[in-house]
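Protein chains in written order, with the working numbering: chain A, 1 to 342; chain B, 1 to 342.
Any given hint could be a false lead.
Identical copies go unnamed one by one, so any copy, or any two together, can satisfy a pair.
As the list claims (entries may be wrong) - Once the Cα atoms are required to be at most 30 Å apart in a straight line, the calculated BS3-like pairs of lysine-lysine come out as:
#1 LYS294 <-> LYS74
#2 LYS295 <-> LYS108
#3 LYS260 <-> LYS108
#4 LYS246 <-> LYS74
#5 LYS13 <-> LYS95
#6 LYS74 <-> LYS138
#7 LYS331 <-> LYS285
#8 LYS108 <-> LYS95
#9 LYS13 <-> LYS108
#10 LYS138 <-> LYS290
#11 LYS95 <-> LYS14
#12 LYS295 <-> LYS339
#13 LYS108 <-> LYS339
#14 LYS138 <-> LYS295
Since the hints were derived computationally from the structure, they do not count as laboratory data. No experiment lies behind these values; they were computed from the predicted model shown.
There are 2 protein chains.
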Amino acid sequence: MWFNKGTSPNNMKKLSELSAMIEEGLQSLSYPTTAATLYNPIRYTLDSGGKRLRPTLVLIAANLYNEDIQAALKPALGIEMYHNFTLLHDDVMDKAPTRRGRPTVHVKWNENQAILSGDAMEGLAYQLIAEAPPRVLKNVIDTFNLMNQEICQGQQFDMEFETRDNVTIDEYIEMIRLKTSVLLGRALQIGAYIGQDKQYGNLSDIGVNRYEWLDRDIETLFLFGTSLGLAFQLQDDWLDCWGDPKTFGKRIGGDILENKKTFLRLTALANAPEPSTEGMSEQQKIETYKIYYKKTGAEKACRLAIANYHQEALQALKKMSMPQPKLRLLKEIAAKLEKRNK
Amino acid sequence: MWFNKGTSPNNMKKLSELSAMIEEGLQSLSYPTTAATLYNPIRYTLDSGGKRLRPTLVLIAANLYNEDIQAALKPALGIEMYHNFTLLHDDVMDKAPTRRGRPTVHVKWNENQAILSGDAMEGLAYQLIAEAPPRVLKNVIDTFNLMNQEICQGQQFDMEFETRDNVTIDEYIEMIRLKTSVLLGRALQIGAYIGQDKQYGNLSDIGVNRYEWLDRDIETLFLFGTSLGLAFQLQDDWLDCWGDPKTFGKRIGGDILENKKTFLRLTALANAPEPSTEGMSEQQKIETYKIYYKKTGAEKACRLAIANYHQEALQALKKMSMPQPKLRLLKEIAAKLEKRNK
C-alpha cells in the first residue's frame, strides 16, 4: 500500500525550507569561466528575485514521494533558469524597458547580448535538468522538451494575436495555457518523476512494471498545475483593472492602454462593441474600460473563470494516490495564489 | 581484441549512403502541429541545404563501432538542427540579409519570429539528441550541453572582438575553436558514444567497467574534429582573398571590406601597420590588402597553419583503437575539406 512507503506528512518539508534550498541553490550555481561576460546577464536575470514558484513546485512534487529531495534540486533550478530565459527573450521581443523594477537585459547591455545570453541560458537550463537521476532522466527530459515546445507555441500564438482581429476566448485560453500554465504542470511532473525514482524507480530492474497509479499521479499533477496556472493568469488580467496600485507590481490599467487582448476585453467584445475613447486622458480611458467590462459582464465572467479553474485544480488533487494530508503544501500554494493581490 | 568486434571495414557505409540517410531523415522529421507557423522558419532554414558535414560525422563515428547506425540518426539530425539554429540567431545578431543565397529568416519573416523560432529550434535539437539510446543518453547529453556552452562562448568572443583593438592571434584561434570547431569534435564524440553502446554499452550491466580505450577514442575523435575544424575555418579566411569567385559562395574580399579581424589581418598587423586605403575603390582596397597580407608573411603563415592543423588531425587518427582502414571515411572527409574551394 502507498502509505507504507514514501514520505510521512509530518516529515515533509515546509515552504520556508524549500525556499531556502532554492535560494541557496541559485546562489551556489557555478558558471563557466570562459567568456565570463556571457554569463553576467544570466546572473543579473536570476538575481532579480521573483516568487520562485516553479522550482518550489518541483521540490514539493518530489517530496510527495520521497523525504530526500536533494536529487530534485538541480532540475528545480533548471526550471527556474528556463523560466527566466523565456522572460529575457520575451522582453527583447516586447521591447520591454523594465522587469521587476530594473532595466531589462537588452537595455542594460544590448539586444545581441540579450539574444546570445538567452540562448546560453536555455542551454544551462538543460544542463541542470540533465542532473536528474539516470533512471528517470529520459522521462524528465522528454517532459522538459515537450514543455519547451509548448511555451514557444504559446508565445507564437501571443505574437500572432497582436495582429489578429478575430481571436476567440477559447483561443486566448489555449494561448495562456501554453505560454504560462503548462510550465507549472510540467514542473510538478518533473519533480514527481524524480521523487518516484528512489522509491519506485527500480521496479523494472526487478522485473516489475511501473505501477499504473504513478502515471496517474503524473497526469493528475499536470491537470492541477495547468488549472492553477490558468487561474493565476486570469487573475493577472483582473488585477490589471482592480488590483491595489500599492501592491500590484505593474501599472493599473496597463493592459487597457496597450490594447491587449485579455480575457476581459475578448469577453466584453463578444457582448458589446468597444466604447469610443477618442480624446480621453489615459485615466479616463482606463475608467471607461472598467465600466465597459462590468456592464458587459466580462468582469464577472473573469471572476467566475478564476474560481472554476481554482476549483478544478483542487478537485484534481483528490485523485492523487496519497493521503490528502500530504497534499497540504499544494493546497497552501493554491490558496496563496488565490488571495494574491500582486 | 578489438578487431573481433564492431564493424568490418568492408561493411562500413559509404559517404553517399550516409548523405542519403541524412537527407531522408531531415525530410521525414515531423513537427508539432500546434502553432504550426512557428515551425515554418525552421523548415525553411533546414531546407536551404548545406554540406550536412556535422551529421555525417556523427554517423561515421557511430559506424566505427557498429554496422547498424540507425540509433545515431536522430541525434545526428539534432546536431544539424542545432547548427542551423546557431546560423539563424547569428544572422539576426549580424543583421545578415542573405544566407546560402536566400533571404535570412529575420528578413523573410521578422526579427521576433527569428528569435522565437530559433529558441524552438534549440529545443527541437534537444528532442532529437534525447533519442540517443538510454544507456548512453547521459554521456550524449552532457557532451551536447558542453558543446552548446562552448559555441555560445565562441560567439561571445566574436562579438567582443568587434570592438576590441588588441585581439591576439591566440585569442582569435580560441574564438574560432569554440565558435565553429568544437561542433565537429562533439559531433564525432556523440556518434562514437552511440556506436559504442550496442557493442560495449552493457559492460557495466555485467560488472565490467568501460574499457579505457573507448574513452581514449572519444578524446582522440575530439582532437581530430577540432583540428579539422580549425583548418576549415582558417581556409575560409584564406579563400576570402584567394578563392575562386566562381565557386566560393561569398564575395571575394568580403572580410577585408568589413574590416573583420581574421587570422590574415591579425598576423599582418603583428608585423606591419595597416596600409592606408583612403579614397580607394572597394576593388583597390581588396588588392591593397592582398598585397599587404603577402608582404607581411600573413598569407604564408595562414597556409602553414592550415597545413599544421590538417596534419594534427591526421596524426590524431593514428591513436584510434581500430585498424586504420576503418578510418578511411574520416580521412576522405579531411582530404575533401583540404581541397575545397568554396
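Hints that the structure is at odds with (numbers, increasing): 1, 2, 4, 5, 7, 9, 10, 11, 13 and 14
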